[in-house]
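**Student:** Based on these hints, arrange chain B on the given structure of chain A.
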Amino acid sequence: MNAGPGLALRRGASSRRSFLRRLLRRPVAVVALAFLLALILVCVAAPLVAPYAPGSQDLADVLSGPTSHHVLGTDSLGRDVLSRLIYGGRRSLLSVAEGLAAVLVLGVPLGLAAGFAGGRADRALSRVSDMVLAIPPIIFVLVVVAVVPGNEDAAMLVFGLLGTPAMLRVVRSATLKVREELYITAARLSGLSSPQIVRRHVLPRISGPVIVQASLFAAYALLFETGLAYLGLTVDPSAPTWGGMVAEASAVIEQQEWLLIPSGTLIALTILAFGLLGDAVRDVAVVADDAPDRVRRPVRFRKAAHVAAGDQAHLPAGRQAALLSVRGLSVSRASRECSTLIVDSVSFDAYPGETLGLVGESGCGKSVTALALLRLLSAGLSVTGGRAHWSGRDLLRLPDRSFDELRGSALAYISQEPQASLDPTFTIGSQLAEVIRRHDRVPRPAARARARDLLRQVELPDPERTARAYPHELSGGMAQRVAIALALAGRPELLIADEPTTALDVTVQAEILALLRRLQHETGMALLLITHDWGVLADICDRVIVMYAGQIVEQGVAQELFDGPLHPYTLGLLRSHPSLARPGQRLDALPGRVVPPGAWPAGCRFAVRCRFARDACQAGPVGLAEHGDDRLSRCLRVEQVLEEVSAR
Amino acid sequence: MTRAIGRRLAQSVPLLLIVPTITFLLAALIPGDVARTIVGANASQAQYEQVRRSLGLNQPLYARYWEWLGQAFHGSLGTSLFWQQPVTSLLNSRLPVTLSLVVGSTAVAAAGGAALGTQAALRAGALGRLIDAISLVGLALPNFFLGLLLIAWFAVTLRLFPATGYVSLIQSPGGWIRSLVLPVVTLAVPGTAVIAKQTRDAMSGILDQPFIRTLRAAGVPRRSIIGRHALRNAAIPVVTVTGLIFVGSLSGTVLVESVFALPGLGGLAVQATSQHDLPLIQGVAVYFTVIVICVNLVVDLAYSWLDPRVRVS
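Just so you know, the sequences run in chain order A and B. Each residue of the first sequence is one higher than the last, beginning at 1 in our numbering. Each residue of the second sequence is one higher than the last, beginning at 1 in our numbering.
Be aware that one or more of the hints could be misleading.
[Stated by the list, open to error] Straight-line C-alpha distance at most 25 Å; calculated SDA-like pairs for lysine to any residue: (1) A:177 x A:190; (2) A:177 x A:207; (3) A:177 x A:254; (4) A:177 x B:237; (5) A:177 x A:149; (6) A:177 x B:201.
In short, the hints are calculated from the structure, not lab data.
Chain A on its own, in the form it takes in the complex (with noise of 0.2 Å):
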């Protein structure tokens, strides 16, 4: 506790320097930054750099185009395009300084006040700035030009204060966030004024979000001079400025189009430099607040992937024909610098009309499998080995357009989060026909009947309402009642339900896994239940597969593997379980995590928590290898787990 405090104080001071630091780091920000002091360098220094007077004429060479007397060309009083630019620079770039200055002199101080006394002083400076937001300010800046004509000054004065909302809450907001911080507090704590923590601490912390919004501002006050002038509502029509050069040039535009360009670009390049500018500071700003890192993941709906034929485990052979059967998917991640891989050569088969559990801890594989099989992985994940049998076609090489035949109507799918499943701005009704139309291609009062089946079908107590209510008006597990029944509207042959019940309360869990068994039993399809609840399991599954970091290690009838199991993270998982422990038996917490993909060793993964572990576990890969009928484990070390079962 006290070091934290104490390390936060001293954030404020070397975060400024290496956030320079990084900043400089970036392309774009130094060329925007060189750009721009190069400007104002130039401006400063006109009259020792441009290469002619600002009024002065030539009219023996007017809309002379670029020579080598005039680099940008001369316009229609023969004055030289370059020096009037530079000239003109100096009254826009005042200009924009003007809008700065009023903007930060006002915006900041009132923001900090905002944000630091909170309240209804807070309120009332939100309840104005935003409807002086709401107001196009050119509006405010023409009453100001039109009793005041010629004086720049006054509009840009006026055109910032008009700016001071947005500051104020760019302000505001980011001294909000600061002010919860623990060193504010520490601050506090130790005596600090008020004053004295918003200029040592909070300032600081603040910077980024007023460069961006300075930025920002400075752009837009540039396009708005540059404007004012163009329409000729500022200065005297002799002096140059960048958009009154603009203007003339509109009014030879039908004999010198090339005039329009110089002025024009400039204003053009100096708002981009502005602007990427800010856009620079906001992302180093980001990065030093650690905020997650937003990356765009463009890619969703991919197409079927080159797999290649993962190595054959070893399976014992069918009782009957399955109707799902994968061979060796692999799953891996790929980033820009390696691929991990998440999921290891993972081989079962689901046989019709069967319950199959899927256990184990977060992290090991299991959605992942499930989601490769229905290929609705994330972008970043894709399918990297393997097959995956569906009556004599493989899933993972089938065509999108033919896998797509197969969605809801051979595999269909629920997940963990029932109300975030559904579609918020649809009906239930209408989410349900649409789907039903999609499968059996009837008619619309045909799909709201059967839409209404099925909501009766998954016990919905009232299905009219129901139909006519939108996923935000019903409960959890209503909801997942839903999700069930768009899922069942293909008929499909096989569900996968990914942890079905674990968002739910514990009464309706079970009311959720009644309503699953009816289902199964009423249709016949074969469920895919991915869990690691030992209770669901028990309750309706018919063979277990347990997994661990992306590999299957146990695989058997759940009767059998209750009573005996083959491997230790399964006796670990049981025995770390309440309701299956038998009376008197001590109940195990499994030690340690998951380890994560990327860090697998080479051996067998579990044995850095494994009681039973040796060197020879370590030494090299385990493999599946089959115990008796339909029993599969990935341990050396079998024997002295089945021991230790039966000596219990």
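**Tutor:** What follows is chain B alone, placed relative to chain A:
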């Protein structure tokens, strides 16, 4: 529904009041003599006094303000100093031009931006970077410069559209459209860029939502997932931005109507400014405010239509 609209309108009253208040205060508090500015330095004292009286400057500020409000309440925004006509009739005759321009450009920006943003969300890389580049350039190009570039290419060189001027819809529908193409495009470019970015971000977020996975697994085809479900959900934040774009285009008309010599509110405001016609500028401010209030109302209604969670029962 009617009650929700009524409540929103009632909430807009302060906004409607604050705008004339600010314009009054600005005109009064800025150092400078409006009447002198209007009549010019060489005018006689009698002319000067007459303008002062017509502006009500011989009365105290609060009296002027009160009188103006009273008149506004009865639908009168005073008389234009330059045109010697009621401000409202001047503005009403120019309203259709500005509305065609702003509604047109917002519609173009919304449609174009949504299409581009959706494509960028679905496809990696190149298109996304292209949108970033376009939006940078689109936001950096001042609209008066862009407008002139379009005039140079499409009107002067290619002779495809008229360079300037306005043809009313009643006169000639074809001519109306031709006279609006270049100004609408000019105004729509930055809006398109902003909406494309917003749509892309919203769409990327929505496509990660669990319900997309559920519906896909249930057999809903990709076309409907994107065009119906994802787009509607993504539209919720985009609608707010579109409202802001509309208001931005409204202030853009001040420049764009001047560039294309369109007889709208924005162009009139510029003329009124150089003629120091305060009552007329104040009138434009009121009209702009009313338009902003209407747009906010439409955005609110669209919002509650799109998102049942915010619907008032």
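**Student:** Now look at each hint and say whether the structure bears it out.
**Tutor:** Structure-based check of each hint:
1. A:177 x A:190: This hinted pair holds, its Cα atoms lying about 20 Å apart.
2. A:177 x A:207: 13 Å, holds
3. A:177 x A:254: 56 Å, violated
4. A:177 x B:237: 23 Å, holds
5. A:177 x A:149: Cα-Cα ~43 Å, so violated.
6. A:177 x B:201: Between residue 177 (chain A) and residue 201 (chain B) the Cα gap is close to 24 Å, so the pair holds against 25 Å.
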